[in-house]
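As you go down the protein sequences, you meet chains A, B and C in turn.
This note's numbering numbers the first residue of the first sequence as 1 and each following residue consecutively.
This note's numbering numbers the first residue of the second sequence as 1 and each following residue consecutively.
This note's numbering numbers the first residue of the third sequence as 1 and each following residue consecutively.
FYI, nobody ran anything at the bench for these hints, they're computed from the structure.
Just so it is clear, CB atoms sit at the ideal spot from N, CA and C, and this is done for glycine as well.
Treat the hints with caution; some may be incorrect.
Unchecked claim - Listed next, with one range per pair, are the computed distances between beta-carbon atoms: (1) Asp349/A - Ile392/B: 16 to 24 Å; (2) Asn270/A - Leu289/B: 34 to 42 Å; (3) His361/A - Ala61/B: 54 to 62 Å; (4) Glu297/B - Arg129/A: 14 to 22 Å.
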Amino acid sequence: MNITTQSYKPGEHPSLPPPRNLVGPVKWAKDNLFGSITNTILTIVAVYLLYLIVPAILDYFFFNAAFEGSSRAECREIAKGACWAFIDERISVFTYGFYPVEERWRPNLAFVLLFVALAPVLFDKVPYRGKLLVFSLLYPLLAVLLIVGPVSVESMHFSQGVSGPLTWLVIFAFASALFVYGSKTHNALAMVVGIVPAGFVLVAFFLSDALWISIPDSIGLTNAADDIYIFEPVDTHLFGGVLLTIIIGVTGITLSLPIGIVLALGRYSNLPAIRTLCIMFIEFIRGVPLITLLFVASTMLSYFLPPGTDFDLLLRVLIMVTLFASAYMAEVIRGGLQSLPKGQFEAADAMGLKYWQTMRHIILPQALKVSIPGIVNTFIGLYKDTTLVLIIGLLDILGVGKTAISDPAWNGLSTEVYVFVAVFFFVSCFGMSRYSLYLERKLHTGHKR
Amino acid sequence: MSAVAESDRPSAGLLSLWYNREARQVIIQIFTIAVVFAALFYLARNAAINLERIGKDLGFAFLLEPSSYDINQTFIEYSSRSSHLRAAVVGVLNTFAVAICGVFLATVVGFVLGVLRLSKNLLMNKMVYCYVEVVRNVPVLLWILLMHGFVVHTLPHPKQAGDIAETFFFSNRGINMPSPTFEPLFWACALVFVAGIVGAVFYKRHAKKVQDETGKILPVLWVSLGLVIGAPVVVFLFTGMPIEWSIPALKGFNFQGGVTVKPELMALTLALALYTSAFIAENVRAGILAVNYGQTEAAHALGLRNNRTLQLVIIPQAMRVIVPPLTSQYLNLTKNSSLAIAIGYMDVTATLGGITLNQTGREMECMLLLMAIYLSISLAISSFMNWYNKRIKLIER
Amino acid sequence: MKLKSILVAGAAMAMSATIANAATLDDVKARGELNCIVTTGLVGFAYTDESGKWNGFDVDFCRGVAAAVLGDGMKVKFVPTTGKTRFTALNAGEGDVLYRNTTVTMSRDADLKLTFLGVNYYDGQGFMVSKDLGVTSAKELDGASVCIQTGTTTELNLADYFRATGMSYEPVPIETNEEARTNYLAGRCDVYTTDASGLAASRATFDDPKNHIILPEIISKEPLGPAVRQGDDDWADVNRWVLNAIIEAEEFGITSANVDEMAANPPNPSIARILGVEGNYGEMIGLDNEWAKRVIKAVGNYGEIFDRNIGPNTEIGLERGLNAQWKDGGILYSAPIR
Numbered sequence: 001m002n003i004t005t006q007s008y009k010p011g012e013h014p015s016l017p018p019p020r021n022l023v024g025p026v027k028w029a030k031d032n033l034f035g036s037i038t039n040t041i042l043t044i045v046a047v048y049l050l051y052l053i054v055p056a057i058l059d060y061f062f063f064n065a066a067f068e069g070s071s072r073a074e075c076r077e078i079a080k081g082a083c084w085a086f087i088d089e090r091i092s093v094f095t096y097g098f099y100p101v102e103e104r105w106r107p108n109l110a111f112v113l114l115f116v117a118l119a120p121v122l123f124d125k126v127p128y129r130g131k132l133l134v135f136s137l138l139y140p141l142l143a144v145l146l147i148v149g150p151v152s153v154e155s156m157h158f159s160q161g162v163s164g165p166l167t168w169l170v171i172f173a174f175a176s177a178l179f180v181y182g183s184k185t186h187n188a189l190a191m192v193v194g195i196v197p198a199g200f201v202l203v204a205f206f207l208s209d210a211l212w213i214s215i216p217d218s219i220g221l222t223n224a225a226d227d228i229y230i231f232e233p234v235d236t237h238l239f240g241g242v243l244l245t246i247i248i249g250v251t252g253i254t255l256s257l258p259i260g261i262v263l264a265l266g267r268y269s270n271l272p273a274i275r276t277l278c279i280m281f282i283e284f285i286r287g288v289p290l291i292t293l294l295f296v297a298s299t300m301l302s303y304f305l306p307p308g309t310d311f312d313l314l315l316r317v318l319i320m321v322t323l324f325a326s327a328y329m330a331e332v333i334r335g336g337l338q339s340l341p342k343g344q345f346e347a348a349d350a351m352g353l354k355y356w357q358t359m360r361h362i363i364l365p366q367a368l369k370v371s372i373p374g375i376v377n378t379f380i381g382l383y384k385d386t387t388l389v390l391i392i393g394l395l396d397i398l399g400v401g402k403t404a405i406s407d408p409a410w411n412g413l414s415t416e417v418y419v420f421v422a423v424f425f426f427v428s429c430f431g432m433s434r435y436s437l438y439l440e441r442k443l444h445t446g447h448k449r
Numbered sequence: 001m002s003a004v005a006e007s008d009r010p011s012a013g014l015l016s017l018w019y020n021r022e023a024r025q026v027i028i029q030i031f032t033i034a035v036v037f038a039a040l041f042y043l044a045r046n047a048a049i050n051l052e053r054i055g056k057d058l059g060f061a062f063l064l065e066p067s068s069y070d071i072n073q074t075f076i077e078y079s080s081r082s083s084h085l086r087a088a089v090v091g092v093l094n095t096f097a098v099a100i101c102g103v104f105l106a107t108v109v110g111f112v113l114g115v116l117r118l119s120k121n122l123l124m125n126k127m128v129y130c131y132v133e134v135v136r137n138v139p140v141l142l143w144i145l146l147m148h149g150f151v152v153h154t155l156p157h158p159k160q161a162g163d164i165a166e167t168f169f170f171s172n173r174g175i176n177m178p179s180p181t182f183e184p185l186f187w188a189c190a191l192v193f194v195a196g197i198v199g200a201v202f203y204k205r206h207a208k209k210v211q212d213e214t215g216k217i218l219p220v221l222w223v224s225l226g227l228v229i230g231a232p233v234v235v236f237l238f239t240g241m242p243i244e245w246s247i248p249a250l251k252g253f254n255f256q257g258g259v260t261v262k263p264e265l266m267a268l269t270l271a272l273a274l275y276t277s278a279f280i281a282e283n284v285r286a287g288i289l290a291v292n293y294g295q296t297e298a299a300h301a302l303g304l305r306n307n308r309t310l311q312l313v314i315i316p317q318a319m320r321v322i323v324p325p326l327t328s329q330y331l332n333l334t335k336n337s338s339l340a341i342a343i344g345y346m347d348v349t350a351t352l353g354g355i356t357l358n359q360t361g362r363e364m365e366c367m368l369l370l371m372a373i374y375l376s377i378s379l380a381i382s383s384f385m386n387w388y389n390k391r392i393k394l395i396e397r
Numbered sequence: 001m002k003l004k005s006i007l008v009a010g011a012a013m014a015m016s017a018t019i020a021n022a023a024t025l026d027d028v029k030a031r032g033e034l035n036c037i038v039t040t041g042l043v044g045f046a047y048t049d050e051s052g053k054w055n056g057f058d059v060d061f062c063r064g065v066a067a068a069v070l071g072d073g074m075k076v077k078f079v080p081t082t083g084k085t086r087f088t089a090l091n092a093g094e095g096d097v098l099y100r101n102t103t104v105t106m107s108r109d110a111d112l113k114l115t116f117l118g119v120n121y122y123d124g125q126g127f128m129v130s131k132d133l134g135v136t137s138a139k140e141l142d143g144a145s146v147c148i149q150t151g152t153t154t155e156l157n158l159a160d161y162f163r164a165t166g167m168s169y170e171p172v173p174i175e176t177n178e179e180a181r182t183n184y185l186a187g188r189c190d191v192y193t194t195d196a197s198g199l200a201a202s203r204a205t206f207d208d209p210k211n212h213i214i215l216p217e218i219i220s221k222e223p224l225g226p227a228v229r230q231g232d233d234d235w236a237d238v239n240r241w242v243l244n245a246i247i248e249a250e251e252f253g254i255t256s257a258n259v260d261e262m263a264a265n266p267p268n269p270s271i272a273r274i275l276g277v278e279g280n281y282g283e284m285i286g287l288d289n290e291w292a293k294r295v296i297k298a299v300g301n302y303g304e305i306f307d308r309n310i311g312p313n314t315e316i317g318l319e320r321g322l323n324a325q326w327k328d329g330g331i332l333y334s335a336p337i338r
């Protein structure tokens, strides 16, 4: 076709296609890969690196990996790469540790319910959000009951002490009366002082074996002769693998946020004594490595408890991990508090709001919103740090892997274990960080340029 | 204020104190302090009873007894006859060694990656993105274990060690390098070197003054290089190269002579640097992005070339954003170095908090000492970085 | 009024938290489970199979104690520890008894506040090297890199040995047996040193066990034995006599197969005493008189435990050697039950 012969009225000429080198793959490549000399060099280096890395990884993971076999030797006969048969065979240990097989429906159920409890907290377009939030609040108790089972009354010191259960009943009565009095007269202090012991007694009663084993037993609901209980207590030493990782991670994450908020407010408070105490606590925790705190939990903590108290190792670790995470959380939230202009505080004061009202309605909603990326990062950090419990002998996912490879048949497969655990952590942490991005975008109301 | 009005309220006795703002604050503080001290006292009392019960005493005299164990990497004189205290010092120095190497490497790699992450080259950009995401979403303990496995399994056995010019050797027992022994005249070179640094600093000040007054730019970089490197080299050559090199050689099981970088140190440094660099890369990227593009345009409009723009306009402003998170990354790296215990690198957690604790059974003393050591290291790093941060901070009206 | 109620609540909580320190034996009986401290994994001595069940030489002794005290060898909770955490775990009360190839030494007994109960395996520290090195004696190890497990007596013995012989070495400290194995096979160290039994156990898991030799020098005495916390003599007695009963059962030919038969019809008074047909030996240590019978039924005698876990017919393939009964030329010699 000869374009020059065709004539158009002014303004009616159809758009010509753009020059070849300004569209399509050529233009794209020029823009993104070969824009300048440095760019071209970078591209070549990158391609070479990819050539080195990608085939090797694929080979190790898939093409040259053994998916079947019953021992390391058999694996090695099949292929030179990874021996996934081992992971396959031990997958239940990796997931539950040594949790009794017939009871595994309990952690499974707790895990499923975790998502039900999380949904209303994480996403705001959930149907029946209000009712579900109540469930979220009760979830921790339910989870403990499901996973650990009823706690023996003896170990909670219910039956010892001044005069046994009666004491606790009296405490409960006093504390709840105090709470009711506080809520009637709007006295926050009385409410807090009342709710803590009252809640403690309630929680203890809810978790006690008196409620879940003795009472059903005495009215014939369970069959004691066959050892069939609704909830058999499961020893925490049997916890392991992903189960333990999730328990430590989720507990630390949920408990560290409120404690972190309190610490941050304390550090930001204008009462010198409280401020100093909070600063000392935060800086101490942040100044020492988590591993020393875990050593303290495993070696020293029992010295500081009353003589003869047998304090569960997992519980000790949970306390330490929570304290550790809350110090970091406090700093993140303090950053959020500091980012607020002074005017916000002054305006709240001018409106005549009291300290807690100011914090609850004005300061914290804004400060927390600003701190969300930091909070999620602290969560992810804490979740990754759960691997350290291996060093004090708790068998998290990495720990079970390490014990599993001392089986003579599978000896020497440490790389497979590390890689498997690495993939596990990558998937879960990457998921969390994606969620944090979503949240950041969602909460980014205003200030958009 | 409202406090006055509140205290006027007709309320009898103690309660009126509660309605007075100042009095209430004092009461709350006294109450808090009392609770904290009571708790501490309770814990201390328990500890005393418990120690009494097992028949242990508390004391640091054991630190002066011979340690009876050997350490494979020592920067000061140490043998199994030295005291536990000395073993702890050796451990602290080893912690410093890995922290300093790690911080240096992580900073360099992190800055390079952070800049590459912003490069227009799509391929490089995405690769760095993948690197950052993969690295920071996997626990550092796993990186340490994987890196140690990598170093020990892929590097050759000493008998088949790879080498560069028969002086540097690589094997899974570490990197063996020639070590210098200095003859007396060498100190002349060292002196000239120090003088060179001092000279360079003064020259830079002078150049800045000249530039402020006349706008003339003096060749600071070249003169400094000449003073710091050129002059000592000249002196070195003139004094007849007063250094003896001890070249490592394979004797028996291992390389003898020279200095060895142990594979544990290598693996730990690499793993910590790898992990931390991913975080630093993100900080650097955020820092550079935080500088408004208008700054670049303005600099270009003033006629500054690309590298001058970067050097004089972008980097100084980006540093203000980068330094505070960088501080916490350095602190994290130092604290993460305590995971050395997982691969047998003898840092202070492994000597004082590991073997000493275990051989003497002094949990309480060892742990307290260990925490005190880490606390002072952390405080030292953060106060240094705070000082640096203050120095580069924007001076506001 | 308000203040008062708070004070009452606080005092009640504090008081109920202090409970009397009951004796370990009663604790174990009340709990219905024995907490036994073992290693995190050493083939032949204590390791888990794919169902998570613990097996091994030390594990069987734990099961023996559980059988004696609770009547069921499976009622044991195993507390895995590294060389470093084991004593603190015991002293902190996480375990009732420690069976973790632990060397009996004076400082551990006196300074770490443990009570050792005897010896269940006589061991000694040895060296393992690859045959390719051409080394035949520990005296030729000058300049070698040596893998050692930290927190053990081997670490101290090694330092002493090399110092005494005037040789130099590079210690490569390792936390667990599995890591030591990996490092040794990767060539990170030339020599792996630990108790000779542990060396043999590790070697059994190599791809090419024949290419590794254990050097003839044994540089230390390593009597491995169980321990309990100091200050609970009754509990120490129970454990001591379970160990002795297991050893003495072999001496008198009582096995898990013939124990019922022997109890019904004891061939001699010694056997009658062990099996509780004669005397009140069980009651003396706070148990019933059939305690030893249950132990032997549950785990067998010393020879059975040895053969099942680490004996010549297992992958580990250890000979009895020093651990043979005194009558067979070994030094295994239990105090008599009488």
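Cross-check of the supplied hints:
Checking the proposed 16 to 24 Å range against Asp349/A and Ile392/B shows it is violated: the Cβ atoms sit about 35 Å from each other. One distance hint, 34 to 42 Å for the beta-carbon pair Asn270/A and Leu289/B, holds here, with the actual separation near 36 Å. A hinted range of 54 to 62 Å for the beta carbons of His361/A and Ala61/B is consistent with their spacing of about 58 Å. The hinted window of 14 to 22 Å between Glu297/B and Arg129/A is violated, with their beta carbons roughly 47 Å apart.
In the structure shown, a violation is registered for the earlier hints numbered 1 and 4, in ascending order.
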